[in-house]
Amino acid sequence: MSDLNEKTILITGASSGIGEATARLLAGTGARLMLGARRTDRLERLAAEIEAAGGTVAWQRLDVTEAASFASFVDAAVERYGRVDVLVNNAGIMPLSPLAALKTDEWNRMIDVNIRGVLNGVAAALPGFVEQGSGQFVNVASLGAHYVVPTGAVYCATKFAVWAITDGIRREHDNIRATIISPGAVESELADAITHPETAKAMEAFRASILKADAIARAILFAVSQPGDVDVSEIIVRPTASDAI
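Residue numbering for the sequence shown follows our numbering, beginning at 6 and increasing consecutively.
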């Protein structure tokens with residue numbers, strides 16, 4: 006396993022769920038963290054807790070749907086730490102609904118956050134990775150990147166896109182690592198965004214068997230801890246007690 010001490014790792018969507026769990030776990034490795042999210046009050050509290058425990062951390066407000074916001078986020082990390090080694094593109098939303106419900110505003114929001122948000126991260130970090138001859142993208146997708154469920158057509162489409170973007174990075178750059186993490190049901194705020202009543206009720210049953218967010222954080226730690234010549238291309242993590250394919 007590679008030493009993460011003084012490696013600079015950026016995490017989006019760090020104010021809760023998988024992002025927060027990943028920040029807490031990686032902070033204990035000696036990595037230098039830059040945390041981004043829109044809810045700055047949560048980022049500030051999280052950073053204070055990490056610092057109190059001896060970790061190295063900074064934070065900045067980040068809206069992944071805005072290219073300028075993402076560029077500023079990466080630039081701030083470079084200014085503070087000198088370089089970026091890993092970008093964890095974790096921010097995402099999941100307002101599931103049947104296509105016939107025609108929740109087009111929610112479709113567009115998923116496209117903006119789940120796809121454009123990842124592309125904005127790639128655009129912000131890739132030039133630096135190319136210049137330094139190394140770097141790693143860790144893009145958080147979903148089991149929905151592998152199969153489509155009713156009410157999940159648009160959400161799954163966005164996660165299929167994340168899978169494709171990640172594989173494209175890997176195929177285009179032989180010195181930049183690209184990892185996709187595909188979680189099953191995870192304890193998070195994602196389901197809170199579902200506004201379609203029947204879908205929200207069905208999601209309660211699906212989430213009866215659910216992973217803690219730190220299970221995904223451990224998968225991310227495994228991927229970023231490998232030696233530079235090892236690219237963990239994909240990890241799928243699902244609850245043991247799950248009938249998901």
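For the record, the hints were derived by calculation from the structure and aren't laboratory data. We put the beta carbon where it would ideally sit given N, CA and C, even for glycine. Where hints are given, some of them may not hold.
Claimed, not checked - Lysine to any residue pairs mimicking SDA-like chemistry, simulated, CA-CA at most 20 Å apart:
#1 Lys108 x Arg29
#2 Lys217 x Thr245
#3 Lys217 x Ile241
#4 Lys217 x Ile98
#5 Lys108 x Pro155
#6 Lys108 x Ala162
#7 Lys217 x Val242
#8 Lys217 x Arg29
#9 Lys108 x Ala158
Claimed, not checked - What follows is a list of derived Cβ distance ranges for each label pair:
#10 Ala106 x Glu54: 36 to 44 Å
#11 Ala76 x Arg176: 21 to 29 Å
#12 Ala169 x Asn113: 16 to 24 Å
#13 Ser21 x Phe227: 19 to 27 Å
#14 Thr45 x Asn113: 22 to 30 Å
#15 Asp8 x Ala158: 21 to 29 Å
#16 Glu177 x Phe227: 19 to 27 Å
#17 Glu84 x Val154: 37 to 45 Å
| said: Given the hint of 16 to 24 Å, is the C-beta distance from Ala169 to Asn113 inside that range or not? | reply: holds (19 Å)
| Hint consistency between Lys217 and Arg29 [alpha-carbon to alpha-carbon, up to 20 Å] | Since the Cα atoms of Lys217 and Arg29 sit roughly 14 Å apart, the hinted pair holds (cutoff 20 Å).
| Do Glu177 and Phe227 keep their Cβ atoms within the hinted range of 19 to 27 Å? | holds (24 Å)
| Keeping to a limit of 20 Å between CA atoms, is the pair of Lys217 and Ile98 held or broken? | holds (18 Å)
| request: Decide if the proposed pair is consistent with the structure: Lys108 and Ala158, CA atoms, cutoff 20 Å inclusive. | output: Holds - the C-alpha atoms of Ala158 and Lys108 are around 12 Å apart, at most 20 Å.
| Cβ distance range 22 to 30 Å for Thr45 and Asn113, holds or violated | holds (25 Å)
| Do the beta carbons of Ser21 and Phe227 sit within 19 to 27 Å of each other? | holds (22 Å)
| request: Decide if the proposed pair is consistent with the structure: Lys217 and Thr245, CA atoms, cutoff 20 Å inclusive. | output: The given pair, whose Cα atoms are some 12 Å apart, holds under the 20 Å limit.
| request: Verify the proposed pairing of Lys217 with Val242, using a straight-line Cα cut of 20 Å. | output: Satisfied, since the Cα-Cα distance of roughly 11 Å is no more than 20 Å.
| query | Is the gap between the beta carbons of Asp8 and Ala158 within 21 to 29 Å? | reply | For Ala158 against Asp8, whose Cβ atoms are near 43 Å apart, the range 21 to 29 Å is violated.
| request: Take a quick look at whether Lys108 and Ala162 sit within 20 Å of each other, Cα to Cα. | output: With a Cα-Cα distance of about 15 Å, the restraint between Lys108 and Ala162 holds, given a limit of 20 Å.
| Holds or violated: Lys108 with Pro155, Cα cutoff 20 Å? | holds (15 Å)
In this structure, the earlier hints numbered 1 and 15 are contradicted, and the remaining ones agree with it.
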